[in-house]
Amino acid sequence: MGRALPPLTMPFWSEPMTEDTPDAPRAPRTPRTAHAPRTTALGAVHRALGATMTDFAGWSMPLRYGSERAEHQAVRTAAGLFDLSHMGEVTVEGPAAGDLLDHALVGRLGALRVGRARYTMICDANGGILDDLIVYRLADDTYLVVANAANAATVLAALTERGAGFDANVRDDRDAYALLAVQGPASPAILGRLTDADLPGLKYYTGLPGTVAGRRALIARTGYTGEDGFELFCAPGDAEPLWHALTEAGRDDGLVPCGLACRDTLRLEAGMPLYGNELTTATTPFDAGLGRVVKLDKPGDFVGRGPLEAAAARAASHPPRTLVGLIARGRRVPRSGYPVVDASGAVIGEVTSGAPSPTLGRPIAMAYVSPEHAAPGTEGVGVDIRGTVEPHDVVALPFYARAT
Amino acid sequence: MSTPEQLRYSKEHEWLSAVEDGVATVGITEFAADALGDVVFVQLPETGSTVSAGETCGELESTKSVSDLYSPVTGEVTEVNQNVVDDPALVNSAPYDAGWLFRVRLDPAAGEPADLLSAAEYTDFTSE
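Each protein sequence line maps, in turn, to chains A and B.
Just so you know, we're using my numbering here: the first sequence kicks off at 1 and counts up by one.
Just so you know, we're using my numbering here: the second sequence kicks off at 1 and counts up by one.
The following block holds chain B by itself, in its conformation from the complex:
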């Protein structure tokens, strides 16, 4: 199970990239994608909308279940991955790469949540 070192992770199984020019990328982890099985539909937040750390902002439908998508940070959505909307299987095949979900301009007032996990911490969390 791959858990890239350079990312940070939420306990809702989202990953957050390093922040560049105030913007970070969000996706779901390989652990989550494996647990869901084949993802057939993703509903993402709209570009320009505001998402809040720990709040739901979309959903992922797989064969057996539907899961809420949580934002790991607060800010404005600057871009959504249209490729993954058109081909949700990218979430399974490349969860950290082509299967990214949306980008957020972090709200400076909110800052970054303190409870995001490192790769090692997330690995421990998922093996509990």
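Only chain A is shown next, with the shape it has when bound in the complex:
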């Protein structure tokens, strides 16, 4: 028998924090300007590690610490440690929290069991994607919504507006959390050294409040790398001690700090869409091949239902375009925005993400193409790489799936 799970009836942050962080300190919001990106609670750690920083969605984030390809390989073969504190958290709580989310989002969150997580989306009234989200049900009446940094304000505003009239509260918790991720096959062993939580019992897309290295954290088995791994939501004041504890615990397992550069190549190999690339307000979930996240059979109305029903019908009969994988036969790299062409040179689509794949050893891309060119093995497909058409193979996504 494993250890009993900590009770999930109370949101974990409502419990007393550790002695030295009595009130889960909230850093004052610094003004967001083009010249002063915000730093996370781990800014000093990144500086000390000599990270190459990049401005991302108003935040100064680590791009890489050394070689991004080495960081990528570490996550595939050992483990990597990420600072994802730029992600935006919104708490929805109250008796009608589930009803509110069922109305505001495309998924059926009211049916989500406590302790489970769900990948979902928020759409505008036309069915266009405002953001993709992970929603954790922390208690019967409490959900944690995690948005992309660039869309967090939009998501917060939309949930607030759509939540009017529901017996539930929408709370801006963007500054209440830091977020660390430990990803890779060694991550269960590494995290297991620092927590009594039942990690073997923590299945993919679940999350439970627990203690890691003596600090309160929501321990979630989620990620954006295609590997096993965990995301740890904690008080900002606990981020640095947790980072150091994880670094120490993973030293002998090959854990390395990882930046956003390898996060992008990891998610691309895993065929995971990125908001702003594969997902935009001009795209419905059905157009993106992710219609399964839209629960048209859920009770009640929800924002975007009518247009999404039409998009579902269109996708079933004559989809305007299909998201596919491309693998370059050559060594030049297809990048976002490059035209995809057929054998005659006619444009049949557009690359949305592309990079040299460390795992495949070749450049790879995701692209929207016309459905008649979307079948794996379609001949004659190329990408116009700055004026020269380079041949590519059409493949099914993902490019990489870990052995399970």
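No wet-lab data here; the hints were simulated from the structure.
None of the values given here were measured: they were computed from a predicted structure.
One thing to keep in mind: the hints can contain errors.
[To be verified] A short list of chain A residues far from chain B (calculated; beta carbon distances all over 10 Å):
1. A44
2. E93
3. V114
4. A150
5. A157
6. R162
7. D175
8. A176
9. G192
10. A261
11. T265
12. G289
13. D342
14. A375
15. R386
16. A401
[Said to hold, decoys possible] What follows is a list of derived Cβ distance ranges for each label pair:
17. E248(A) to D87(B): 41 to 47 Å
18. S49(B) to A375(A): 37 to 43 Å
19. V85(B) to T404(A): 37 to 43 Å
20. T404(A) to G54(B): 50 to 56 Å
21. A346(A) to A94(B): 42 to 48 Å
Virtual Cβ for every residue (Gly too), placed ideally from N, Cα, C.
Once you have looked at the hints, place chain B on chain A.
Frame of chain A, contents of chain B only:
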């Protein structure tokens, strides 16, 4: 960040060695290699081709981006570094040494461009 004294530099972040018997070696600087990240593919000018100062003559692909390669001088390419074609990571690990890119016989009619920078000037330029 290393910026060897004996080299001269272009504002496109190439370096040029001292000229010996009319031939100079070209590579990209450590500053540029660091900014690119891991280089995964280099496309170099062909041996025997003519390159022109300030003109593109190849490209470097890294994880996040592609960058044009500019020639800092005008002349005929006498040799390209096949090792760096086979192992582009040399650009990151040894940009001034094993990661050199190509050699040029300078066109005497064109002379050397007047706008190449000294090591100190290049350091100032990159810290602006």
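To see whether the hints hold, each was checked on the structure:
| no. | hint | in the structure |
| --- | --- | --- |
| 1 | A44 | holds, 22 Å |
| 2 | E93 | holds, 39 Å |
| 3 | V114 | holds, 40 Å |
| 4 | A150 | holds, 17 Å |
| 5 | A157 | holds, 31 Å |
| 6 | R162 | holds, 36 Å |
| 7 | D175 | holds, 29 Å |
| 8 | A176 | holds, 31 Å |
| 9 | G192 | holds, 32 Å |
| 10 | A261 | violated, 6 Å |
| 11 | T265 | violated, 6 Å |
| 12 | G289 | holds, 25 Å |
| 13 | D342 | holds, 24 Å |
| 14 | A375 | holds, 28 Å |
| 15 | R386 | violated, 8 Å |
| 16 | A401 | holds, 21 Å |
| 17 | E248(A) to D87(B): 41 to 47 Å | violated, 34 Å |
| 18 | S49(B) to A375(A): 37 to 43 Å | holds, 41 Å |
| 19 | V85(B) to T404(A): 37 to 43 Å | holds, 38 Å |
| 20 | T404(A) to G54(B): 50 to 56 Å | holds, 54 Å |
| 21 | A346(A) to A94(B): 42 to 48 Å | holds, 44 Å |
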